[in-house]
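Asks: Given next are the chains, with one letter for each unit.
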Amino acid sequence: MDILFGNLATGFSAAATAANLFYCFVGVFLGTLIGVLPGIGPLATIAMLLPATYKMTDPTSALIMLAGIYYGAQYGGSTTAILVNLPGESSSVVTTLDGYQMARRGRAGPALAIAAIGSFFAGTVATFMIAAFAPPLAEVAFKFGPAEYFSLMVLGLIAAVVLAHGSVVKALAMVVLGLLIGLIGTDVNSGVARFSFDIPELSDGIEFVAVAMGIFGFAEIILNLEQREHREVFTSKVAGLMPSASEFKQSVFPIIRGTALGSFLGILPGGGAVLSSFSAYALEKKLSKTPERFGKGAIEGVAGPEAANNAGAQTSFIPMLTLGIPTNPVMALMVAAMMIHNIQPGPQVMTSNPTLFWGLIASMWVGNLLLVILNLPLIGLWIKLLSVPYRVLFPAILLFCCIGAYSINNNVFDVFMTIPFLVLGYLFKKFDCEPAPLLLGFVLGKLMEEYLRRALTISRGDPTVFFTRPLSATLLVIAAVLLLLVLLPAISKRREEAFQGD
Amino acid sequence: MQIKNYRDFWAGILFMAFGLAFMVFSREYTMGTAAKMGPAYFPTLLGALLTLLGAVISFLGLGKTEKPVHVDPTGWREVSTILLAVIAFAATLPSLGIIVAIIVLIWIAAPASHDFKVRDTLISTVVLLLLSYLVFVKGLELQFPFLPKFLDR
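Protein chains in written order, with the working numbering: chain R, 1 to 502; chain E, 503 to 655.
Calculated from the structure, these hints are not laboratory results.
By construction, the Cβ of each residue, glycine as well, lies at the ideal position given by its N, Cα and C atoms.
Worth double-checking, as some hints may not be accurate.
To be verified - In silico EDC-like cross-links for lysine to aspartate or glutamate, where the CA-CA straight-line distance does not exceed 16 angstroms:
#1 Lys430(R) x Asp574(E)
#2 Lys538(E) x Glu226(R)
#3 Lys55(R) x Glu568(E)
#4 Lys538(E) x Asp432(R)
#5 Lys429(R) x Glu226(R)
#6 Lys429(R) x Asp574(E)
#7 Lys506(E) x Asp432(R)
#8 Lys430(R) x Glu226(R)
Said to hold, decoys possible - DEER-style ranges, computed between Cβ atoms:
#9 Glu530(E) x Gly166(R): 50 to 60 angstroms
#10 His572(E) x Asn410(R): 26 to 36 angstroms
#11 Val526(E) x Ala132(R): 45 to 55 angstroms
#12 Lys538(E) x Ile199(R): 54 to 64 angstroms
#13 Thr464(R) x Glu530(E): 29 to 39 angstroms
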């Protein structure tokens with residue numbers, strides 16, 4: 001316990017420097033901004049700002065800012081969900097169900113307040129969770145050999161598949177395609193430029209940012225344009241923010257349950273904010289004595305998921321920080337941000353860069369505090385922003401993505417590279433294939449090949465090495481059980497229900 | 503043979519095409535053995551797996567049904583406009599500079615919206631030019647050609 005507080009003290013002194021407080025503020029401010037705006041998510045924003053962090057001298061500041069964007073977006077997303085019935089972020093889809101109904105009944109203020117309070121509580125708990133669980137996990141990670149790392153990645157990718165929306169087989173195929181695309185470029189062992197078709201830029205591999213922008217940024221814009229949205233904003237209805245005593249009482253336990261559920265689901269590979277909010281909504285509806293109120297403005301349906309998505313967003317940093325393995329696309333970008341500053345993500349970060357590690361964790365709590373201030377008293381500002389129509393917004397998003405892609409290498413090649421991924425991303429959407437697993441596969445492709453190669457070289461080509469080493473075998477068994485469970489018809493039906501959310 | 507889910511069917515075909523392509527292109531490289539993996543080893547393995555998964559997905563999309571699931575119509579106008587805007591940006595930036603590239607991007611893309619308004623687009627062009635100048639050129643000091651080459655000496 002003493003060590004924990006000593007570590008947190010290190011963290012807070014790192015997070016509380018003027019520069020880091022400033023970057024934390026910039027991060028959560030941007031996060032709220034893009035959270036409020038539908039059609040642009042934390043992924044595209046972090047990808048856009050990633051090249052800009054080259055300029056920062058202190059990697060701690062860079063990570064603090066990028067992390068702030070991710071959890072800040074969870075706050076902002078709920079504002080749009082409650083006031084416009086559009087999810088500002090995919091993690092606030094379920095908040096539209098009851099939050100918007102509350103707004104229609106003139107209770108928008110309390111809904112916003114409960115969302116913010118729940119998120120703050122969840123953020124505080126999750127900060128301590130990371131501080132408490134990261135060190136022991138990193139200890140375990142030091143015992144890992146190449147076989148364990150390979151099996152861990154298999155587990156991570158399988159878990160991502162299991163937790164993705166829709167068809168499991170399609171998600172698996174997306175992961176494998178992602179792995180293959182990740183292999184494009186020079187093979188570190190033989191020096192052969194694979195699948196580069198004599199294009200010199202391709203021998204360095206495809207930039208992550210180009211893939212993310214094409215698939216998530218541009219393809220998303222096209223689909224939004226096809227849909228021709230109509231918005232109805234309840235701007236004038238936000239009278240008082242204070243929830244009534246009974247609304248408070250109804251929210252206390254959903255917030256606690258949402259925090260617990262979200263913290264747990266965030267750690268799982270493939271988990272994070274989206275899954276957490278969906279599951280929390282399903283849980284609250286199940287536990288409620290009056291489930292018929294859900295969908296008609298039940299405050300529990302706002303409190304639970306909003307606490308859960310914030311908790312999940314934060315605890316999803318645990319596997320990235322301790323094992324160096326990203327469990328969702330946003331974490332993949334965080335890994336990229338660390339590599340830009342020559343920090344190899346993995347269990348050694350905690351000991352080699354303690355101020356970065358603990359500073360980042362402490363900044364999350366600071367950021368959550370800033371977010372409550374940003375979101376409640378300044379709610380009027382965000383409402384104004386919601387009146388900006390999409391026709392004005394999308395050229396700006398398009399422009400920032402293009403500039404972001406260009407600035408990775410100061411080369412228009414990376415802008416051109418987004419085009420095949422735009423087309424692919426669009427096709428996948430039309431074919432009901434969730435793109436997130438592809439991105440995870442893409443990040444892990446070369447790493448997985450490397451660990452497979454090392455493990456098999458040590459075992460002289462004997463593939464049973466993955467099953468004879470106990471830790472590796474355990475990881476693979478968990479992966480196999482997960483996959484079997486989800487393929488069983490009874491469970492897959494329940495899974496559909498959970499993702500549909502009502 | 504009937505198709506009950508066109509989305510699944512075509513997704514499967516797409517995955518099979520990718521899987522086979524990676525397997526074929528891998529043939530240029532040495533395969534090696536499990537103990538001494540060559541550059542072709544892992545991609546060939548994954549390519550085979552992807553082809554198999556693609557076949558399963560297409561197969562699951564087959565079957566008899568009253569109401570087949572169709573692929574939503576392609577928004578050709580939206581797709582082509584955004585594609586064109588991105589290509590135009592990338593093509594103009596190196597020689598004509600960032601100012602021209604921004605204007606070109608906005609004015610090609612904006613009409614893709616169903617409620618495109620000239621006045622709004624004019625305002626947003628000015629705002630975005632100013633913002634890009636302050637944030638990207640001054641603030642982040644990103645390196646790009648600023649003015650067209652023939653004006654810049």
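Asks: For this structure, which hints from the list above don't hold up?
Replies: 2, 3, 4, 9, 10, 12
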